[in-house]
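*Asks:* Take any residue in the sequence shown, count from 1 to its spot, add 7: that is its number in this note's numbering.
Keep in mind that the hints were calculated from the coordinates and are not lab data.
Using N, Cα and C, we set each Cβ at its ideal position, and we do this for glycine too.
Please note: incorrect hints may appear among the correct ones.
[Claimed, not checked] Lysine-lysine pairs mimicking DSS-like chemistry, simulated, CA-CA at most 27 Å apart:
| hint | residue 1 | residue 2 |
| --- | --- | --- |
| 1 | K268 | K203 |
| 2 | K294 | K16 |
| 3 | K438 | K367 |
| 4 | K476 | K495 |
| 5 | K290 | K197 |
| 6 | K438 | K548 |
| 7 | K396 | K411 |
| 8 | K694 | K710 |
| 9 | K476 | K693 |
| 10 | K290 | K495 |
| 11 | K619 | K710 |
| 12 | K526 | K619 |
| 13 | K710 | K688 |
| 14 | K479 | K396 |
| 15 | K700 | K495 |
| 16 | K495 | K619 |
| 17 | K476 | K294 |
| 18 | K197 | K133 |
| 19 | K480 | K411 |
| 20 | K619 | K688 |
| 21 | K283 | K233 |
[Claimed, not checked] Taking CB as the label site, the calculated pair distances span:
| hint | residue 1 | residue 2 | range |
| --- | --- | --- | --- |
| 22 | N687 | D637 | 23 to 31 Å |
| 23 | D637 | E478 | 48 to 56 Å |
| 24 | K367 | V516 | 42 to 50 Å |
| 25 | E286 | E478 | 52 to 60 Å |
| 26 | R352 | N687 | 38 to 46 Å |
| 27 | G351 | Q414 | 46 to 54 Å |
| 28 | W136 | S529 | 24 to 32 Å |
| 29 | E559 | P180 | 49 to 57 Å |
| 30 | K376 | E478 | 34 to 42 Å |
| 31 | S374 | G690 | 29 to 37 Å |
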Amino acid sequence: MAVSKAIVKCVLSGDTLIIRGKPTGNQPPREKQISLAYIQAPRMGSQKKDDEIVGKEITFRIDYTVPTTNREYGSVFLGSENITQLIVREGWAKVREDGRKNKDDSRGEEVDNLVALESAAQAAGKGIWGDKDKYSRIVNYILQEDARTYLSKYKGLKIDVRDGSSLRVLLIPPAPAPQQYLNINISGIKAPTVRKDIPDVEDLVEPYGEEAKYFVESRLLQRNVKVILEGLSGNNQAFNATILHPAGNIAESLVAVGLAKVADWSITVVTDGPIKLREAEKKAKEKRLRLWQDHVVRSKAGGDDHEFEGTVHRSSCYDQLLMADQKYASIASRQFLHSLQRYGRVPGVVDFVNNGSRFKIYIPKESYKLTFVLSGIRCPRPGRSPADKSEPFAVEALEFATRKVLQRDVEIEVENVDKVGGFIGSLWLNKTENFAILLLQEGLATIHSFSADQSPYSRELYAAEQIAKDEKKNVDDAVTADEAEARKEYVDVVVSEIISGGHFYVQVVNDSNIRSLEKMMSEFGFYHKSTTAISNVDKIKAGQIVSAQFTEDDQWYRARIRKNIPEKESVEVVYIDYGNSETIPLSRIRSIPDNFKQLPPHACEAVLSFLKVPDREADYGGEAYERLRDFVGSKQLVANIDHRDNNVLHLTLYDPAQSESSDASINAEMVRDGLALVNNKLGYNKKYLNMVKKLLEVQEQAKKDRVGMFEYGDVTADDDERDY
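Start from the sequences and build out the full structure, keeping to the hints where you can.
*Replies:* Okay, structure coming up:
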């Protein structure tokens, strides 16, 4: 069989490799996966041996292919040495059973040699035939502690490259600490993006992106490198780091050949400073390499030594100024955060308005200025220059804020501080007007749901936004034609918790959601085997996302604090992935790392569309609760999402086994049984006139039949006075 040459790109496991050819021109080479014939190695190979052939030229032959998977199996040789035989001889893999049984005449002798080598390794107690504990290692795929505790120097094994400046590394700290996979962005640079083969996400490959990725892969992939963790990027989901190869800093090499640009937002954290990166970029610009091929070098205009005209683009010591400014802003903000929180509302004067929700405020009591950002909302952003296009209604929001608060006495209530030193919280006018609420009421801002849910004024914020929606003001007037029509958004759901006959929680059923939740819960359970509970009651507040231990099974789940009850040393929580709630002692509450907050809550709060249903404690409320429970049971239902309101879904529910038309809904059955009334005051009813008309017809029939709440007469005349 033909023998070919290739270079090993990486080792997936002890029996599977990715190999590549040699690059041609500026194009990355083609790749192929090959598994070693007749053997099976443990899924995680030894860290000392996985990489011995990485980057080296090998010869290989394909021995056979499995038709059902198109997976190719073959033999690999490093020089004259058979890698398959070496692995079996050292006890790093065993001969596959199907290889023993299905050997043919052409390969029978080779399989027999492997079996003999396996027997010798087994007798000597080598590798997998010896003490497994000696070679096992603990590897965490998700960070198990606060990300900031990882900002120190470690040895790392490079294992994956997303694009030229985004990597995934295996950190190997000194024993007995577990090894840790981390997402890394190389500090100080940004390479072209390479985003391919991600489900439901459009591919994006920027110019020179593939070349930059290959440049990094060919030098770092599965090599031992030194990783200097220098900071956090994004929402604490990735680290900024310098990657040191034995040949030098990979960032400097990328910039020098024109495959990356200097990134101002992270250059301030580079351990060796910005000078080398700036010099490398300057030389790449002068040579017009790759990303800089269209760069125009500006000629220096002559002129008198004392009088000349020019444009100042940037200070000559810009990097030093940027580093000093960021360092001071972050440190100063953290220093003042606790004192500002302790004061409650703090008097100040608005000195400058950046946009509708971002200000510079002077605090006379402390004699300093601070950047202040309104929590719970997002304002449209104005353009930074005349050439930049502003977002819709950004100018109106800026003018409204300028007119209302500029150079006015205000009060601020600080909740937190962002990563660049800006304080986050509420701004009050005349001691009574929350400015975020004013912006929402005017339709000049929208709710930022995650931030709003954490705010102590969450209910007021959502109510203000609804006012603007009802009146179709500004941002909320931008309703598309599709939104003006009846929604048809069908999803499969399971009701996970019933609060009352018209109020419940659902889980949307699809394979992706289920897999994500199962994976997260598995990692969540493992994490809580070693985590201690929060003991400081002051840290617990309404709206906070925490870990909570459910009373019935003593397992840990994600939960939101609904109410803090300090006098009883307990809290009321709602489990955000299932919807049920309970009151538990503080000993059953723990902190939750940011990485476990990223998956959206799996349980969605919902109500029956178009209806008013009695609360569980009200007249007929118990019957409505039991009837809904009978309808939904443990069944998988179909729901149409008719409306979304403050993260609450308004649903029309259908039982696939019973519903034969869009009119045969569980909503209609609740009305038919006299356990719900049609709500004529809902703003979205006008989109569903036919549906509402048919529900009213069903309600009239329930009146005639004297069922449910109609047994003693017509209750629709005074239904506003009832508890719904």
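*Asks:* Each of the hints needs a verdict: does it hold here or not?
*Replies:* Right, here's what the structure says about each hint:
As the CA atoms of K268 and K203 are separated by approximately 22 Å, the hinted pair is consistent with the 27 Å bound. Among the hinted pairs, K294 with K16 is inconsistent with the structure: their alpha-carbon atoms are about 30 Å apart, more than 27 Å. Restraint check for K438 and K367: the C-alpha separation of about 19 Å stays at or below 27 Å, so the hint holds. Under the criterion of a C-alpha separation no larger than 27 Å, the hint pairing K476 with K495 is consistent with the structure, at around 20 Å.
A threshold of 27 Å between alpha carbons decides the hint, and for K290 with K197 the separation of about 17 Å falls inside it, so the pair holds. This hinted pair checks out: K438 and K548 have alpha carbons roughly 23 Å apart, not beyond 27 Å. Note on K396 and K411: the hinted pairing holds, with a Cα-Cα distance of about 24 Å set against a maximum of 27 Å. The straight-line distance between the Cα atoms of K694 and K710 is roughly 26 Å, inside the 27 Å bound, and the hint therefore holds.
Only pairs whose Cα atoms come within 27 Å are accepted, and K476 paired with K693 is accepted, the gap being roughly 14 Å. Of the supplied pair hints, the one linking K290 and K495 is violated, its CA atoms being roughly 57 Å apart against a limit of 27 Å. A threshold of 27 Å between alpha carbons decides the hint, and for K619 with K710 the separation of about 16 Å falls inside it, so the pair holds. Straight-line distance between C-alpha atoms of K526 and K619 comes to about 38 Å, which puts the hinted pair past the 27 Å bound.
For a cut-off of 27 Å, the pair hint linking K710 to K688 stands: about 20 Å separates their Cα positions. Pair hint K479 plus K396 holds up; C-alpha atoms about 24 Å apart against a cutoff of 27 Å. As the CA atoms of K700 and K495 are separated by approximately 18 Å, the hinted pair is consistent with the 27 Å bound. Between the alpha carbons of K495 and K619 the distance comes to roughly 22 Å, so the proposed pair stays at or under 27 Å and holds.
For the proposed pair K476 and K294, the alpha carbon gap of about 55 Å is over 27 Å, so the pair is violated. Of the pairs offered as hints, the one joining K197 and K133 is violated, with about 46 Å between alpha carbons and a cut-off of 27 Å exceeded. The straight-line distance between the Cα atoms of K480 and K411 is roughly 18 Å, inside the 27 Å bound, and the hint therefore holds. Distance hint between K619 and K688 is fulfilled; the C-alpha atoms sit about 10 Å from each other, no more than 27 Å.
Taken as a hint, the K283 and K233 pair is honoured in the structure, with Cα atoms around 18 Å apart against an allowance of 27 Å. Roughly 27 Å separates the CB atoms of N687 and D637, a value that falls within the hinted 23 to 31 Å. Hint check: D637 to E478, Cβ distance near 40 Å, so the stated range 48 to 56 Å is violated. Our hint of 42 to 50 Å for K367 and V516 holds, since their Cβ atoms are close to 49 Å apart.
Distance hint for E286 and E478: a CB-CB separation of about 58 Å, consistent with the stated range 52 to 60 Å. Between R352 and N687 the beta carbon distance is about 42 Å. The supplied range of 38 to 46 Å therefore holds. For the hinted restraint 46 to 54 Å between G351 and Q414, the CB-CB distance of approximately 24 Å leaves it violated. At roughly 30 Å, the beta carbons of W136 and S529 sit within the given window of 24 to 32 Å.
Separation of E559 from P180 is about 38 Å and departs from the stated range, judged on CB atoms against 49 to 57 Å. Between K376 and E478 the CB atoms are about 36 Å apart, so this pair conforms to the stated range of 34 to 42 Å. At about 49 Å, the beta-carbon gap between S374 and G690 misses the expected band of 29 to 37 Å.
Of the numbered hints listed earlier, those contradicted by the structure are 2, 10, 12, 17, 18, 23, 27, 29, 31.
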